[in-house]
Amino acid sequence: MPLGSSQTKGGMYTGSYTADQDTMTFDQGKYNRIKKRDANGYTTSNVDVTTKTDAFGNAYTSAVSAKQMDTSDFLLLMLQELKLQDPTKPMDSQNMMNTQMQMSTMQTNMTLAKSMEKLVASYSQSSLSNATSLIGRNVETYDVDDRGITKAYTVTSVETIDGEIVLKGRQILYMQDIIKDKDDKVLAYDENGYIYGEDGKKTGQKIVLKDKGQVALDKDGKPVILDENNEEVKDHTYEYTGQAARVYSDELTTIPMSNVGKIFS
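So that you can map any letter, position 247 of the sequence shown is 247 in the UniProt record's numbering, and since no number is skipped, the others follow by simple counting.
No lab work stands behind these hints, which were simulated from the structure alone.
Using N, Cα and C, we set each Cβ at its ideal position, and we do this for glycine too.
The hints are all genuine.
Listed next, the in silico PhoX-like pairs over lysine-lysine satisfying Cα-Cα at most 25 Å (straight line):
no., residue 1, residue 2
1, K201, K222
2, K219, K234
3, K234, K201
Simulated restraints on C-beta separations:
no., residue 1, residue 2, range
4, G163, K210, 41 to 49 Å
5, I161, N229, 49 to 57 Å
6, K212, D184, 24 to 32 Å
With the hints as constraints, model all of the structure from the sequences given.
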């Protein structure tokens, strides 16, 4: 055969191969190893075949494995088995039928698996789309804080983690009474009652709290304010509005949908 030419084996194109430059001979075994083909010209790129030799020097297949095998691979294996079978003990029709049924069942299972994957993906997308309606709303979980109060969060985003839909949100720590000054500006104070100015620093005054976020009022319904010496300030202009605002955690929390017990505005 000329150098660099192509060879056809049993009607199957086997590609080009350059013969050994020294002996000018074509090494079929070397060609098959390069092209990952068996001795009969069938591709083995996806199949690892382990062979052994019996006591009489005859080679036989001891194991076949593959990372990916499809029906064409099984068909090739069955044809190879038919070619190599013992003429005195040929495969009967029942075994042939069983092999074909196994191939058919495998193909059906593969098709069903692909359909289920598409269905799961479609369901996940639909569920994620529906869950986005929770953004900006508040949810309660089945967890409680150290005061025994059910934890609540305001949802800021929705995402999927390992196929499960989860919410991202900031925990509502407590409700804080809204106090305004004479210019209708909201008074800034922390959970301990310390008042902060527009520069973000403590003013030295303190608002008295009955509980976290709950302002104590005097007999006239005005908030009780203390100075640096813890003396009550009588002539302040702060007013209690009767309204409250949520105080949030600085950290985002991941909330599984399965842990959501209540949704509210």
